[in-house]
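Q: Letter by letter, the chains look like this.
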Amino acid sequence: MPRTIVRALHSYAFTIAGIAIGVAGLVALGAMSERIVRFIEGGDHFVLGQISVAGRGMGMGAGFTAGGLLPATTIRAIAEVPGVAAVQPQVMLPLNPSTSQFMTLTQELVLGVDLSVPTPNRHYRTLPVRAGRFLREGDQRVAVAGAAFAASRGLEVGSRITLEGEAYEVVGVLERMLTAPDRFVIVPIADARRQWVAKDPLLRTVLASGAAALRAADLNTGAAVGWREGEDPDALARRIRERVPGVNAQIPSELSSLLRSSTAFFSSLVVGIGALGFAIGGLSVANTIAAAVFERLRDFGIKRALGATDAQLGREVLAEALGVTLSGGVVGVAVALALGVSIDGWAGRSGQQLFLFSPRLLVGALVFSVLLGAAAAVYATLRVVRLSPAEAIRRGA
Amino acid sequence: MLRAEGLVKTYRAPDGGPIPVLKGIDLKVAAGELVVILGASGSGKSTLLNLLGLLEDPDAGGVWFGGERVNVLGRSARSRARGRFVGFVFQSFLLLPSLTALENVLLAARYAGRAGPTTRQRALALLDELGVLERRDHYPPQISGGEQQRVAFCRAVLNDPPLLLADEPTGNLDDANARVILESLRARARAGAAVVVVGHRPEAAEGASAVFRLQNGALA
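Chains as they are written, first to last, in this note's numbering: chain A, 5 to 401; chain B, 61 to 280.
To be clear, the hints were calculated from the coordinates, so they are not data collected in a lab.
Please note that the accuracy of each hint is not assured.
[What the hints assert, rightly or not] Below are the SDA-like pairs computed for lysine to any residue, each with C-alpha atoms no more than 25 Å apart in a straight line:
(1) Lys83/B <-> Gly66/B
(2) Lys203/A <-> Asn252/A
(3) Lys83/B <-> Lys203/A
(4) Lys83/B <-> Asn252/A
(5) Lys88/B <-> Met61/B
(6) Lys83/B <-> Arg398/A
(7) Lys88/B <-> Pro201/B
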């Protein structure tokens, strides 16, 4: 390593370390914030891509389509509503029914999909598969696992998983989406219906009594409805409500608002974490740079005594500040990445991911720290040059 | 070369009361002259030198370099005037600890826009002349006080300034180093520079064109 670089690193080691700590704090808090944003936005993106319909009444299933039973006749009626492009029957069940239903955003879910109908969700025509393949029509006793679901159980393509006493082969693992499907295990709808019956004693009793004329195709917790091109999804949802009795059709924009209001706490947390990151990181960077300039008051006094003008000193300080903040920023980003990856490596064993280091965050943190460092350097220099050289030398001695 | 008229400087005591230090100093130093100002500690010698070298502003009075009144110039213009006209030798050397001896010497040239191979050669020659060439790559804390003052002297004269101001240049030196520095200052005067030395050691006055004593804020 060239001698000058070694010297510079030695001279500024503590300053760079101080900035690195600030930037690391900013990036780490920002990455947690990004993670929460991605989760909320992912849910929002999903609900705006389809009309979710459930049977009116108390929830028999779970998840987004929680509601009463949605029999096959009703699904056919929905399909006939003008503007509807496709209706995909679904069964959504909590994997562990003892888990609170209020925790649907984080609980693990079994999603049964009718593979004879293409997925109508406009924003998720297909779910991204990291390994293996997605389900195909005609599949039986096979499953596609969400990333967190797979990670928490060490599942890979070819692994076997037992759901309600039945063995399933994992044929695919989804990419990490940082939103709800990460915790899904997706199976063909016929398999999901069997699991539902196995899970629900009340449903078993009803079916065994013969009191209700139910066929397998009637066992749907909900349906995803797609709309034709040019159709207003909110208007179509209202039309479905009017024309098909006994359904609860979610209006996408209302559901999005509902989702956002229900995640208002997380949104506030995001803003709080982001503000905290900016305050801690920003103050740390600005303070470190300003302190580094004030620390060298005597040096500046000497340089001015030797004839350095304000502009020459300003350029010198600015160049040093940019170099130091950039170095500190890069080290800080590296520290935050190392910390985040380590923690996520540990948390990943239970399927969790706490940090999301997006490019916009990393670049933004670097640019922010460099700009703030430059501003702090300019401010400190302006303060310093106001002193006479003799005063600067005296005070800095 | 240097003219000062009616220089007044008053400091403020912690209780806000005035401490008059200089009460109207007049001084003229021509090119080739060596002027020595002696005075007790706290008599205002360093303050006077700071005013003469534009390191501080007087409360009243003026300073002229070669006929141009320079103490009324703007901050950057005064900096340029310092770089063009003045070389400083300080009692505590005031070398930058993060720079090598050679880099310290070259610093003055950098701000005067004279950095280049010729200047570097001249800096090396000066270090050689003062007997510290072998210390060129050492940092100030790695060399003795006497060697630091020699390096500081090289820095002061690198740009060949017409005015050399030395503030107790031998105050922290042993006799041998003190002799080297004083002789070098005299040599600069002989070479045509106007040299002002303030101090309290009588030997500084040897070979001086004029010797003044600063007492009660006035030159006698």
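Q: Going through the earlier hints one by one, which of them does the structure break, listed in rising order?
A: 3, 4, 7
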